[in-house]
Amino acid sequence: MAYTPVEDGDSFTAASVTSRLTALRDDANDINPKGIEDKALRKEHCLSPILQAGAADISPGAVHSYTFANDQYPGYNIGSPGWKLINTNGDPGGGTPLQADFTAVDLTDTKVIGVLVLFNIQVNTIVDALAVATSREFDALFAIQFQDNAGTWHHLPESETYISSETWVNGGVTTQARMEKDVPIRLLITQTNYKGSIKSVRAMISVNDGTAGWAAHNVRVQLQHGNISAIALRGSLQ
Amino acid sequence: MSDIVLPALPGTGAASDADLLSQIIYKPDNSGSPPSFEAINHLTNANLQAGQTLDRTKIRRRAAGDGRMIGQTGNIDFFYQIFPADDSMQGAYTAIPGCGIAFYLPYDARIVIFTYQIVIESQGHEAAGATNDVYTRLYLDGSRIRAAERKVPPAVTNTAPDQLDKDRDRVISGHWVCSSTSLGANSTATALTKGWHKIYYSLFSQAITVRCRIRNFKVIWFP
Chain A
-8 MAYTPVEDGD
2 SFTAASVTSR
12 LTALRDDAND
22 INPKGIEDKA
32 LRKEHCLSPI
42 LQAGAADISP
52 GAVHSYTFAN
62 DQYPGYNIGS
72 PGWKLINTNG
82 DPGGGTPLQA
92 DFTAVDLTDT
102 KVIGVLVLFN
112 IQVNTIVDAL
122 AVATSREFDA
132 LFAIQFQDNA
142 GTWHHLPESE
152 TYISSETWVN
162 GGVTTQARME
172 KDVPIRLLIT
182 QTNYKGSIKS
192 VRAMISVNDG
202 TAGWAAHNVR
212 VQLQHGNISA
222 IALRGSLQ
Chain B
13 MSDIVLPALP
23 GTGAASDADL
33 LSQIIYKPDN
43 SGSPPSFEAI
53 NHLTNANLQA
63 GQTLDRTKIR
73 RRAAGDGRMI
83 GQTGNIDFFY
93 QIFPADDSMQ
103 GAYTAIPGCG
113 IAFYLPYDAR
123 IVIFTYQIVI
133 ESQGHEAAGA
143 TNDVYTRLYL
153 DGSRIRAAER
163 KVPPAVTNTA
173 PDQLDKDRDR
183 VISGHWVCSS
193 TSLGANSTAT
203 ALTKGWHKIY
213 YSLFSQAITV
223 RCRIRNFKVI
233 WFP
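Read top to bottom, the protein sequences are chains A and B.
Taking the numbering used here, the leading residue of the first sequence gets -8, the next gets one more, and so forth.
Taking the numbering used here, the leading residue of the second sequence gets 13, the next gets one more, and so forth.
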C-alpha cells in the first residue's frame, strides 16, 4: 500500500485526511497477487478443501444375502433393474443402507473438483443357495450410483467391479469355498459424469451366474461389514 | 469479508469527529460491507484486483491439509501360541506392526481419511472351518470400528498332501472417514478433535501361522 505521510507544515484538512483514507481503502480493495508473499496464506486464510461430506457404514451381526433370482446382473452399464442397494436386510430391503447423503454440490461449479467416493464391503460367501451347483463362475458385482438434485439415480459403469466364487477339493470332492474377501472401489465423480448437482451416493450389488449344465440352482451372495464415504473436494481458492 | 466501504468522510469546514475517525480505523463488523480498515485483518478474495486469482504458491505448506503414512517391507508371521484361545478375551487382538499410526491432529479437522492396504495369508486348514479363520479389527483411539472388520479364510485347501492355495491370500484395502461435522444418519463415525490419536489394524488367529505383508497405512486430514 502507498501512503503519503503528513509533513511538517502541511495543512491537515478534511480533504487531505479523506484523500489519504480513500487511497488506503482503494488499495485494500484492489490487492494485486504480486503484493502477497509466497506462502503467506495459512489455514486461517484458506477455505476448507472439503465442500461437503457424507458417509454410511453397516456392521450387522448376521450376514445379508442377495440372489441371482432377485438381482440378476443386467449387463454392463445397465443401471436398473438387476442392481440392489446394499443394506442390512439384504434382498428384502429396508435395512440400513450403504448410502451416503450430503448437501448437494454442483459438479459444474468451477470451485468443485468432484466427489471422491470410497467404498469397501466384506463378501462372506458366493454359493448356490440350493446346494446343487458348485462352480468358480458365480460372480458378485458391485457398483456405485449417485443421485442428482431432482432425485434421479445415475449408474457409474466405470465403477462396476466383480469377484468370482472359489472352490476347494475336500477328500476328492470339489466344494464351494468361503470367500471372506474385501472388495474396494475408489472413484472421483466429476462433471464428465454429470453436469449438475448431486446429493447422494450409494453402493449396489448384482449377482451373475456363468455356469451351464447344472440343474436348477440360485446363486446367493452373502455380505456383512462395509462402508461408503463421499467427500466433495474444493478445487479453487475462490 | 468483502470490500471495505467507508462511511461518508467529513468535508471541508465540517467539525472534526473523533468517533467517526476512530471507527474508520477500527470497528469490528460482520456485515458484508465492512466500514473500517479492520477488514485488513481478514482480507479475502473479494479484496483482490478484478480478474486476479491466487495460486498455490501463496499458500503455506500443510495449510490446506496434511497427513502421515507408515509402511513395512518385510513379512510378519504370527503363530497361534501368542493368542489366547478365545477372541473375546482381553487383548486377544494384536496390533500388526506397520499397520497403524499415532498422529497429532493440529486442529479439529473437517475430515480425516484413513486408508490401509495389507495382505494376509493363513496357514490354517479349510477342513478345520471357522476355527482356523483369521479375524481382523480396526481400532481408533481404543474404539472398535465394526464396519472395518474382516475375516481371512485358511489357505490350505488340499487335504492330501497339504497344499497352500495362493488364491486364498487376502488383500484388504480398507478405509474409514471421521469428521468434525455430521456425516449423515447412516454413519457411526465420530469427530476427531485436536490432539493425539492412535489407530491400528489388529488380528486374532488360531491358525498355525499367519503371514502379513503390510503395504501402507495412511492418514490424511483437511481443515
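Simulated from the structure, these hints should not be mistaken for lab results.
Some clues are possibly wrong.
Pairs of lysine-lysine residues, derived as BS3-like cross-links and limited to a Cα-Cα distance of at most 30 angstroms, are as follows [said to hold, decoys possible]: (1) A:K25 <-> B:K206; (2) B:K210 <-> A:K25; (3) B:K70 <-> B:K39; (4) A:K186 <-> B:K210; (5) B:K70 <-> A:K75; (6) B:K206 <-> A:K186; (7) A:K75 <-> B:K206; (8) B:K210 <-> A:K102; (9) B:K39 <-> A:K30; (10) B:K230 <-> A:K25; (11) A:K186 <-> B:K39; (12) B:K210 <-> B:K230; (13) A:K186 <-> A:K25; (14) A:K34 <-> A:K102; (15) A:K30 <-> A:K75; (16) A:K34 <-> B:K39; (17) B:K230 <-> B:K206; (18) A:K75 <-> B:K210; (19) A:K30 <-> B:K70.
Among the chain B residues that face chain A by a calculated CB cut under 10 angstroms, a handful are [as the list claims (entries may be wrong)]: (20) G79; (21) R80; (22) G83; (23) A97; (24) T143; (25) V146; (26) G154; (27) R162; (28) A201.
Since the structure is predicted, the reported quantities are computational estimates derived from the model, not experimental observations.
Cβ atoms here follow ideal geometry from the backbone N, Cα and C, with glycine treated the same way.
Comparing the hints with the structure gives:
1. A:K25 <-> B:K206: Given that 30 angstroms is the threshold and the Cα spacing comes to 34 angstroms, the pair is violated.
2. B:K210 <-> A:K25: Distance ~42 angstroms between K210 of chain B and K25 of chain A Cα, so the pair is violated.
3. B:K70 <-> B:K39: It holds: about 28 angstroms lies between the C-alpha atoms, which stays within 30 angstroms.
4. A:K186 <-> B:K210: The given pair, whose Cα atoms are some 40 angstroms apart, is violated under the 30 angstroms limit.
5. B:K70 <-> A:K75: violated (47 angstroms)
6. B:K206 <-> A:K186: violated (37 angstroms)
7. A:K75 <-> B:K206: violated (40 angstroms)
8. B:K210 <-> A:K102: Roughly 33 angstroms between the alpha carbons, so the hint for K210 of chain B and K102 of chain A is violated.
9. B:K39 <-> A:K30: Distance ~28 angstroms between K39 of chain B and K30 of chain A Cα, so the pair holds.
10. B:K230 <-> A:K25: violated (36 angstroms)
11. A:K186 <-> B:K39: Violated: K186 of chain A and K39 of chain B sit about 43 angstroms apart, past 30 angstroms.
12. B:K210 <-> B:K230: holds (12 angstroms)
13. A:K186 <-> A:K25: violated (35 angstroms)
14. A:K34 <-> A:K102: Roughly 18 angstroms separates the two Cα atoms, so the pair holds.
15. A:K30 <-> A:K75: violated (49 angstroms)
16. A:K34 <-> B:K39: Holds: K34 of chain A and K39 of chain B sit about 24 angstroms apart, inside 30 angstroms.
17. B:K230 <-> B:K206: OK: K230 of chain B and K206 of chain B at ~18 angstroms, within 30 angstroms.
18. A:K75 <-> B:K210: Roughly 36 angstroms between the alpha carbons, so the hint for K75 of chain A and K210 of chain B is violated.
19. A:K30 <-> B:K70: Holds, at about 4 angstroms.
20. G79: Check failed: Cβ of G79 of chain B comes no nearer than 12 angstroms to chain A, outside 10 angstroms.
21. R80: Because about 17 angstroms separates R80 of chain B from the closest Cβ in chain A, which is outside the 10 angstroms limit, the hint is violated.
22. G83: violated (18 angstroms)
23. A97: Not OK, violated: A97 of chain B not within 10 angstroms of chain A, min 21 angstroms.
24. T143: violated (13 angstroms)
25. V146: holds (9 angstroms)
26. G154: Hint on G154 of chain B: violated, closest Cβ of chain A at ~17 angstroms, above 10 angstroms.
27. R162: holds (5 angstroms)
28. A201: holds (6 angstroms)
Against the hints set out earlier in the document, violations occur for numbers 1, 2, 4, 5, 6, 7, 8, 10, 11, 13, 15, 18, 20, 21, 22, 23, 24 and 26.
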